[in-house]
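Novice: Since the structure of chain A is already known, use the hints to place chains B, C and D on it.
Protein chains: 4
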Amino acid sequence: MGKEGIRYAAKVDLDKDAGTLPYLHNRWHPDIPNYGTIKNNETVKIECVDWTGGQIGNNDSADDMRDVDLTRIHYLTGPFEIETAEPGDLLLVDIQDVQPLEYAPWGFTGVFAKENGGGFLDEIYPKPAKAIWDFEGIHCSTRHIPGVKFAGLIHPGILGCAPSAEVLETWNTREAELISACSHMDRDVAKPPEPKNVHVGTGEAAIKEKVGKEGARTIPGRPEHGGNCDIKNLSRGSKVYLPVHVEGAKFSVGDLHFSQGDGEISFCGAIEMAGVITIKFTVIKNGVADMGLKSPIYIPGPVEPQFGPGRYIYFEGFSVDENGKQHYLDATVAYRQTCLRVIEYLRRYGYSDYQIYLLLSCAPVQGHIAGIVDIPNACTTLGVPIDIFDFDISPGAPVQKRDMGSCAYASS
Amino acid sequence: MGKEGIRYAAKVDLDKDAGTLPYLHNRWHPDIPNYGTIKNNETVKIECVDWTGGQIGNNDSADDMRDVDLTRIHYLTGPFEIETAEPGDLLLVDIQDVQPLEYAPWGFTGVFAKENGGGFLDEIYPKPAKAIWDFEGIHCSTRHIPGVKFAGLIHPGILGCAPSAEVLETWNTREAELISACSHMDRDVAKPPEPKNVHVGTGEAAIKEKVGKEGARTIPGRPEHGGNCDIKNLSRGSKVYLPVHVEGAKFSVGDLHFSQGDGEISFCGAIEMAGVITIKFTVIKNGVADMGLKSPIYIPGPVEPQFGPGRYIYFEGFSVDENGKQHYLDATVAYRQTCLRVIEYLRRYGYSDYQIYLLLSCAPVQGHIAGIVDIPNACTTLGVPIDIFDFDISPGAPVQKRDMGSCAYASS
Amino acid sequence: MGKEGIRYAAKVDLDKDAGTLPYLHNRWHPDIPNYGTIKNNETVKIECVDWTGGQIGNNDSADDMRDVDLTRIHYLTGPFEIETAEPGDLLLVDIQDVQPLEYAPWGFTGVFAKENGGGFLDEIYPKPAKAIWDFEGIHCSTRHIPGVKFAGLIHPGILGCAPSAEVLETWNTREAELISACSHMDRDVAKPPEPKNVHVGTGEAAIKEKVGKEGARTIPGRPEHGGNCDIKNLSRGSKVYLPVHVEGAKFSVGDLHFSQGDGEISFCGAIEMAGVITIKFTVIKNGVADMGLKSPIYIPGPVEPQFGPGRYIYFEGFSVDENGKQHYLDATVAYRQTCLRVIEYLRRYGYSDYQIYLLLSCAPVQGHIAGIVDIPNACTTLGVPIDIFDFDISPGAPVQKRDMGSCAYASS
Amino acid sequence: MGKEGIRYAAKVDLDKDAGTLPYLHNRWHPDIPNYGTIKNNETVKIECVDWTGGQIGNNDSADDMRDVDLTRIHYLTGPFEIETAEPGDLLLVDIQDVQPLEYAPWGFTGVFAKENGGGFLDEIYPKPAKAIWDFEGIHCSTRHIPGVKFAGLIHPGILGCAPSAEVLETWNTREAELISACSHMDRDVAKPPEPKNVHVGTGEAAIKEKVGKEGARTIPGRPEHGGNCDIKNLSRGSKVYLPVHVEGAKFSVGDLHFSQGDGEISFCGAIEMAGVITIKFTVIKNGVADMGLKSPIYIPGPVEPQFGPGRYIYFEGFSVDENGKQHYLDATVAYRQTCLRVIEYLRRYGYSDYQIYLLLSCAPVQGHIAGIVDIPNACTTLGVPIDIFDFDISPGAPVQKRDMGSCAYASS
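For the record, the sequence lines run as chains A, B, C and D.
Residues in the first sequence are numbered from 1 upward in steps of one, following the numbering used here.
Residues in the second sequence are numbered from 1 upward in steps of one, following the numbering used here.
Residues in the third sequence are numbered from 1 upward in steps of one, following the numbering used here.
Residues in the fourth sequence are numbered from 1 upward in steps of one, following the numbering used here.
Excised from the complex, chain A in its bound form (with noise of 0.2 Å):
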């Protein structure tokens, strides 16, 4: 009846080492053992650290982007047992609420150097980079972006319950395949398992190894459970919808954003915070078959940050790429080209490309699919709300060179 505060069914500890805390891990594996248990319908509070687990400093340097040790993400805090939950079965999840933790209000958005990590546009611009953000209220700015402030629309990148044995063999099976595909590119296409670093909370050293061996990657969302589908809107008072594949469903969730934008396009490319999630699970028994469900759905919530449909200004981008080679229905390729118009147009204000990267990156940006079947173009569209500038962007606005300092790069 409220007359109490909600359960926190996990706290972070943010001095100690992520790698050794017993209520987080890095992999998505069945045989991960649960942290704790939370009732069918009750409502609890889970703390989170940031994605990296602490890698990244509130500071003017990129060296730790540069030095990311990507072996170690993504700190995951659970899994939780919630009870009744049996395969077949959907776990509501009901987001009450996602904040930063009180004491520290600021997070990061990062370019990852191209040969450690990359992100969308690393082809252009390879180099590590790095914002760091400061939170006022339902605000942000940073001093590495000047000119620009915006409500969060706070968010868990990452949530899901564990696969089977079955679904990770079949996640397994799939991605090797891409990589033995792909093996002529010079660039990792899929992460396979990666003993290293391996963090599986109180497991044992059998656990651990079985896991560094099997264990699923944290960097992708996978159709069958949702993960790390880094959906911008999926924030305070969304539901979302999520087939459960073991005994007890095996919850986890991290890698928390205080915003992002369509794409989340930099990688590290949200403003990635550690904070607080409260959720009210709900077992519904039999979801799956019942709504006919191969992949989550989600509501979104009430409380999205208002830019009127007049205060975008929309780029448009299509399937020809930047060497002028047409591609055949490509979203990937368009998009990638409607990013780069932004950035060209933006450059006009004195921002450097890196900042607009990291912009684009985690700022509240719509990105559409606007046509997907006029061959051979697909059409993308990226809406930039104009009221996230203190000056005007609008295209009839006067155009003025600022000095706009500078992004955080590393040391050479």
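Among these hints, one or two may not hold up.
[As the list claims (entries may be wrong)] Residues of chain A clear of chain B, computed beta-carbon distances all greater than 12 Å:
1. Gly57
2. Glu81
3. Glu86
4. Leu101
5. Tyr345
6. Asp390
7. Ser394
8. Arg402
[Claimed, not checked] What follows is a list of derived Cβ distance ranges for each label pair:
9. Met185/B with Tyr103/A: 56 to 62 Å
10. Arg7/A with Pro195/D: 43 to 49 Å
11. Thr202/D with Glu4/A: 29 to 35 Å
12. Pro398/A with Asp13/D: 53 to 59 Å
Calculated directly from the structure, the hints in this document are not laboratory data.
C-beta: ideal position from N, C-alpha, C; glycine also.
Specialist: Just chains B, C and D now, kept in the frame of chain A:
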């Protein structure tokens, strides 16, 4: 001073063969003669036929959809000379209004046969199908998909200025290369110039022959000028900034839509109609360079139909195809999966797959690029507004299979 | 099936004297003969003259405003018999569309002279004034108040069914009591029946005489039937539920507005225009008792112009009048003060008080009752959208006095 | 740079008697000593008790509501000295966040007895009543009004700077005149200064005595400083501009609301709670004159809960009272009628009138002044969001009377 009505730059006659009308054309080419002249800063009304030029009827058979002649489309109104416009300028197109023709308050959505046009899901849904929509002021409904009614976000599918000879050459070269590179595929990946049924307005035989050989087809949008962008939000009150490539701009417009979903997935997927668009034209001298634009941008209008964010169901899709094959950050594959997830969900209410396929093409669904960096999976989302249905499709609501009748099919 | 246009139940002729036209009337009375019949569930278009029946011209003088004859207003189109409607039913009026007449794309906002009509602020602003608005699709602007442009939320000011003889008697009695009780005030507090210039459509002399004696004036909205509610949000896509008091409902509509602010403070305050409204009529049998309705209700349409909540400046006003006198929870006094606060603020930019008074009457300003229980002060708020101005009126922005020209005044 | 949490300017202790706490006070007076100092441009957190200082319990009886001691309210936190603020300046209060106390996630809505406080409808509903609300993240629900859940638009009911001696004198004079003029009414029309239970924070006995004699009660908002404006939209991200009347501004805040409806009709009508508000303070030198402000203005924040305009039912009310008496343009009478119309409508579902009265006070209902010039009727509207109910209250939906339990009443 508004004491009289606005000038019509063109009025259409729906009873005549579109291929004979002096104010229509169906290819992009700089040599198609202007139909008339519009002053800088002038506002005019321009009437348009539907994109097929009347090939589709208001009836209950999809035979016309099956037999559509794609060499004839799209019939655009124009080109119009815009006074003072020169290459390098931007043409600001202020869409003051779009309406159906008062005497023809209906439109159509179609699925083409896989072997004649196809669509985004034609591997799975190869048959032709059709729905006829009746307009009731700002709303529409159809006897072919019962239980659905929504306000249209009415817009032009195609608008653009004529390419210069150089731009046209670029288009033809790069699309020919794609066709050549994809010759092993058993489908059209692009449409080369096509003399058959070419129409050049008032152009003489020599021009007709030239345009037949060189004229770019109207199907794809293209980065240099926009064209068939099929952007569902380009509605009443929107402003588009179009690059000018030739003297006088040679602006054309057509393919009016009463409504469209992001992606327009069934290809003939919007609610296609004849109608009238009111545009104010303004020339922005040297705008292309001043704004750093390589493609059009636009600012959406202030009157988009409002569904609260809590009134959508969002479906998630990933770049793992229906055969379980993993694709690398392929947003096109992901969006196709997202569409299939919706079909699986809505089937429960008694709709046929083709009814849902048609509905997803034309209803105001929101297609977003959620994550495009989490290797190997791109994640896209598709939001379906709950309030367009006259029963409750929420995940928690009781499900009842209804008699949903049928969309129109072709005779066999 | 939408193959033809919608039937016109009435078309207006702006060149004729409104007081002679068979489809118009200007009083509420059950004996005014029907102009025609509309089927239950039928959709029709109904054209309307402006509320003054053409007394106001598109020019730069407010002489016509000064000399307006208020015995002639409002000219309503109808009444229409709605088949099957009986007393006790509700008439569901589905407003599918409202548009200005295509050949008359302009409207007017006026301030009446204090001694002939007056307005909400006539103690302070007693002079007649006028602004002429030009329509550009969904937007409007005026040469009389430079720097302002906005999308109209187009709606009918008046719609309702005829009163029964009993209801009419109630109105006349209760308003006569008010007039009698306020005889000491030096202003009209209500308008009694008035034979002069009464117009009853096709009604014979005997009816005219009777209506002249008994007919209710059209100026106030009234709880029993709605009437002149001047609700700015009753726009395209809205549904109104109107009580039926007589056989056949005898529905009338008029006083179309291109836009209005909450309160319509200058009395002739909306952007008044001639136009056409498309309505679907549905009779709900016994609806008054079933829904427990004593007054109309409505559901607003889905396409209201969107200004983000952060794009308004809200002014506060309290029930302490301009002489410093404290009133007891008087929302009317509070709202007048709120209006004055806006005038004081906007003066800084060079507007005259009369220009702002006109603007507040017709722009889409939001008038809210904030607190009405905190004795002795009622608090009301008025939100002015920032984005209707082409310069920045935000509190933090630099203020520059401009040459704002003049609204139209009367000759002296 | 955001590396640490935000400073608390005051923390509350809910276990102590509010009337003894040094950081609280319950009158407006310039001599109440400052509790501390806040720098210009500083951001602080300020905790607040509920407005009654803990007189109301989380239980199922309204005895506490009946017995509430109104000489003790409202307990405000402060006053705080804002460095550099002087009379004539504006204090920009940037509301960065408002939250309930983490350990007290509940609030209350009450109806006072007519003879002890009363409310907007107390002639009709004179009995005390109460509902306890439980908070679930951004949403709330209550065991006392089943079937309802909504997102709070969380805000402070009261904020303002201390009056100067001159301003205070103005208040006391003008309110005394009202009390004197209304001595024939059998109700309190205003509350004069009251020595009983006066609390002045750390102030000595002499100050306490002076404030008891002269201090303005906190119940009304007042034009000169704002105060108890009860503006439901003054939520997270809003900015308020407050006139400064004394050196150091002496800012106070309290009466936090989880949600409120326009009008807050039951007087104790918002969802009252203890909580914490995060504010950034900025002094704008000479702002009162520069902006021409006689009363505060505000800009609402960007995250208002979104109900589409088509998701409200709007009720209309007119200035004809429940006895059929006609009032002259009286928006207060009209709004009372509008409230009664909602009660009549919602009764059909099994709610008691008191349950609806409570709900209208605290749910995010929209109260608008529609028309205020159409003599003799003012017309107000009240929009009830359809989506706060877990069943369909649309006019067309089937109506079923449910067992809606009961709100809390007082023992007899």
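Novice: Checked against the structure, which of the hints given earlier come out wrong?
Specialist: 5 and 7
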